[in-house]
Amino acid sequence: MVHELALVETECIGSGTRVWAFAHVCAGARIGKNCNLGDHSYVEHGATLGDGVTLKNGVCVWEGVTLEDGVFVGPNAVFTNDLTPRSPRLPSAKLRYSSKNWLVPTRVREGASIGANATIICGVTVGEYAFIGAGAVVTKDVAPHALVIGVPAKQVGWVCFCGRKLAEQNGGFWCEDCGEMEEKC
Amino acid sequence: MVHELALVETECIGSGTRVWAFAHVCAGARIGKNCNLGDHSYVEHGATLGDGVTLKNGVCVWEGVTLEDGVFVGPNAVFTNDLTPRSPRLPSAKLRYSSKNWLVPTRVREGASIGANATIICGVTVGEYAFIGAGAVVTKDVAPHALVIGVPAKQVGWVCFCGRKLAEQNGGFWCEDCGEMEEKC
Amino acid sequence: MVHELALVETECIGSGTRVWAFAHVCAGARIGKNCNLGDHSYVEHGATLGDGVTLKNGVCVWEGVTLEDGVFVGPNAVFTNDLTPRSPRLPSAKLRYSSKNWLVPTRVREGASIGANATIICGVTVGEYAFIGAGAVVTKDVAPHALVIGVPAKQVGWVCFCGRKLAEQNGGFWCEDCGEMEEKC
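Protein chains in written order, with the numbering used here: chain A, 1 to 185; chain B, 1 to 185; chain C, 1 to 185.
Hints are computed from structural coordinates only; laboratory data are not their basis.
Predicted model only: the values in this text are computed from it and were never measured.
There's no promise every hint is true.
Copies of the same chain look alike in the list, so a pair counts if it fits in one copy or across any two.
No more than 30 Å apart at the CA atoms, straight line, and that leaves these computed lysine-lysine pairs for DSSO-like [stated by the list, open to error]:
1) 165 <-> 100
2) 154 <-> 33
3) 94 <-> 165
4) 140 <-> 100
5) 165 <-> 33
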């Protein structure tokens with residue numbers, strides 16, 4: 001499903017993925033199945049989204065950024081792919097941008113959530129099912145299931161697979177409800 | 001006045017309201033009179049704007065968010081409506097999104113201003129004529145006429161109806177100029 | 001080069017400047033040569049961009065903001081031009097918006113970089129080749145070649161013309177590589 005006011009230029013996009021108004025998916029972007037790309041979102045060539053990824057409005061995913069299956073990215077959250085950007089047309093930056101050595105990759109692992117208006121500085125890995133609080137600035141790796149908040153982001157707890165904050169880290173990462181459900185399966 | 005490159009799908013929109021290029025107002029959004037919705041703004045079904053509201057560019061107003069009359073929202077300021085978002089397509093989040101229990105409302109009262117690039121975590125009420133500083137992350141209720149800044153946002157003063165910072169909280173909330181004007185009326 | 005889904009209304013735009021999809025350049029904006037304006041960017045009447053400026057996606061440049069030659073602005077970074085904004089349709093703000101006295105200019109000098117999702121509060125000057133860290137909130141002037149980060153932004157070091165952090169401020173502002181190159185010239 002591609003909205004009539006969206007622009008999709010890649011052929012590498014899975015079935016069931018929806019792209020909403022004023023969104024732009026560039027040629028060379030790779031996008032899995034059953035994703036949801038909100039209004040005014042942007043996916044650049046060289047960016048990779050797994051299956052079931054949600055991009056809320058205004059999110060840009062740049063070359064070098066990989067979002068694994070089931071990742072959530074809140075509205076206006078921002079990725080980067082260059083630690084010391086300059087305008088490439090600046091004479092003193094010309095040499096630097098003559099190769100791709102400036103490109104620093106970022107990976108967000110399965111099921112993680114990036115809160116609204118958060119900033120992810122490139123070079124980090126956000127662990128499986130981690131949770132980045134709204135407005136946080138992430139400057140280093142985030143452990144699986146960790147909850148981080150603030151500027152710079154610091155860990156303040158753990159979250160369940162479902163997103164709920166855990167009262168304590170109890171050997172696994174299940175909240176009471178999900179743990180019971182898991183045991184029944 | 002709807003720009004020819006805007007998309008307005010609601011019928012519930014008051015007279016005198018202007019919607020600018022690449023903005024999207026969804027069916028089911030309720031918008032009052034004489035509002036101004038900047039480029040790349042977005043108003044979701046279930047969102048409510050009073051009269052005379054200003055949304056600067058890139059602002060999204062989600063289901064569950066109510067902006068009362070005369071509210072100002074600065075560029076790229078961000079609202080939320082879910083405290084622990086996960087991608088709804090994630091198996092471990094499926095149960096959670098099978099109902100609307102995840103939805104947490106937010107209310108911004110008459111005349112308040114939300115600064116540029118601020119983040120409002122859902123569940124809060126921003127009081128009448130309060131002022132949220134640019135880049136602040138609001139995590140709890142804000143008192144009427146309060147000025148809050150920082151991450152997380154903390155109160156550092158009071159503001160007049162006109163927006164000016166008050167030297168001291170003087171029983172009312174009028175700056176010298178507005179107070180004189182008020183007495184004359 | 002103007003993308004077919006962009007909207008360019010100014011005639012004051014230099015040769016070699018590229019404007020990408022869903023971007024909007026208003027009548028009365030002044031834009032130099034060889035700039036690059038990303039998707040969903042916006043340049044208002046009364047805004048000025050020099051030559052070789054890069055605006056990444058979602059950046060708005062308002063009336064009163066001047067970006068000199070070779071400035072880089074990261075994705076979703078935010079400028080402002082009013083220190084105490086209210087919705088102009090609010091009765092208590094009507095007097096204030098009856099003139100242009102509310103307008104506070106901002107200047108970003110040659111070669112400076114504004115990091116992703118940073119917020120620049122109006123009235124400041126960002127010095128030549130300064131570097132604003134991602135997510136920073138700039139509340140006062142930034143010295144040439146200074147590196148500032150955090151909320152509010154504080155200086156934590158110096159950067160070279162090329163953007164690299166300098167181990168120490170050594171009388172000039174050259175990193176080892178650029179210094180050698182400069183000596184050869």
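Each hint tested on the structure:
1. With identical chains, the CA atoms of residue 165 and residue 100 are at most 30 Å apart between copies only, with a shortest distance of 19 Å across copies and 40 Å within one.
2. Proximity of residue 154 and residue 33 under a CA criterion of 30 Å is satisfied in neither setting, with 33 Å inside one chain copy and 42 Å between copies.
3. Taking identical chains as interchangeable, the C-alpha atoms of residue 94 and residue 165 lie at most 30 Å apart only when they sit on different chains, with a minimum of 17 Å there against 47 Å within one chain.
4. In this assembly of identical chains, residue 140 and residue 100 lie within 30 Å of each other by CA distance solely inside one copy; the values are 22 Å within and 34 Å between copies.
5. Within a single copy, residue 165 and residue 33 get their C-alpha atoms as close as 28 Å, which meets the 30 Å cut-off; across copies the closest is 41 Å, which misses it.
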